[in-house]
Amino acid sequence: MQKVIGVLSGKGGVGKTVTAINVSAALHERGYDSTVIDADISSANLTVHLGLPDATVSLQDVLEGRAHLYNAIRVVPRGLRIVPASLSLEKSIADLSGLKKVVRDSQLNGLTFIDSPPGFSREVYHIIDACDDVIIVTNPDVPSVTDALKITEVAKKMGKNNLGIVITRLEKRSFEVTPREIESLCEVPIIGIIPEDRSVKKSIYEKTPVVYHSPHSKAAVGYKRLAAKLVNEEYEPPPMLALRRVLGI
2 MQKVIGVLSG KGGVGKTVTA INVSAALHER GYDSTVIDAD ISSANLTVHL GLPDATVSLQ
62 DVLEGRAHLY NAIRVVPRGL RIVPASLSLE KSIADLSGLK KVVRDSQLNG LTFIDSPPGF
122 SREVYHIIDA CDDVIIVTNP DVPSVTDALK ITEVAKKMGK NNLGIVITRL EKRSFEVTPR
182 EIESLCEVPI IGIIPEDRSV KKSIYEKTPV VYHSPHSKAA VGYKRLAAKL VNEEYEPPPM
242 LALRRVLGI
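Numbering (the working numbering), first residue to last: 2 to 250.
To be clear, the hints were calculated from the coordinates, so they are not data collected in a lab. Among the hints, erroneous ones may be present.
Claimed, not checked - Pairs of lysine-lysine residues, derived as DSS-like cross-links and limited to a Cα-Cα distance of at most 25 Å, are as follows:
#1 Lys-92 x Lys-208
#2 Lys-101 x Lys-158
#3 Lys-92 x Lys-102
#4 Lys-219 x Lys-161
#5 Lys-157 x Lys-101
#6 Lys-173 x Lys-4
#7 Lys-12 x Lys-219
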């Protein structure tokens, strides 16, 4: 059975792509079929995050009718499946109005995450329309939360089920907007909290999802817990987790 989840944000740079990659990777580790589609056509970077060369067959080719979605799927190490967008400037503009039909006709098994561009462009509306559910990613600062509220309202007006908000880079500082305040303002639950963690930057540099690169780090555990919640399961952290972090095992 196919379920399509849009990974949205009102503001750029909040960790939306990192979230899509790591949640999908964590679900794959749990034995679920999971695919990430890079629909951020103008700023495609899914392949960059994973250290892959530019796509031979991209989402743009699929949208323009030159290939089937299955031809664009790439399987990266450990079995994570992605549908990349091309890095080419010539292909940086594409019509996403056919995305819904492309995704539905593909009948991909399991969960499909669509990594959306930030903001409120026409392309974002097409992406939301292609989804069953959405999740909103934000940082705990006022501009990010303000834009998270706006994209939450957009999804609501389009009749989409909002699974909740994922807060990334939380440090629990006095100047941050608290999870409770974000939940109250947006009127949707917080479903994931990813602490500020240097392991994320290291994993991006080494082009490996943090759930693989540093599986016991605070960020990785946050993404694994979020993945479990999306499939209505409990995440059981490994024994002596704090010691494992210290020892790096």
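Structure-based check of each hint:
With a C-alpha separation of about 24 Å, the suggested pairing of Lys-92 with Lys-208 holds against the 25 Å cut-off. Our distance criterion of 25 Å between C-alpha atoms is met by Lys-101 and Lys-158, whose separation comes to about 18 Å. With a CA separation close to 20 Å, the supplied pair Lys-92 and Lys-102 stays within the 25 Å bound. Between Lys-219 and Lys-161, the direct Cα distance comes to roughly 31 Å. Violation of the 25 Å bound is thereby established for this hinted pair.
A threshold of 25 Å between alpha carbons decides the hint, and for Lys-157 with Lys-101 the separation of about 18 Å falls inside it, so the pair holds. Between the alpha carbons of Lys-173 and Lys-4 the distance comes to roughly 33 Å, so the proposed pair goes past 25 Å and is violated. Using a Cα cut-off of 25 Å, the hinted pair Lys-12 and Lys-219 holds, with the two alpha carbons roughly 24 Å apart.
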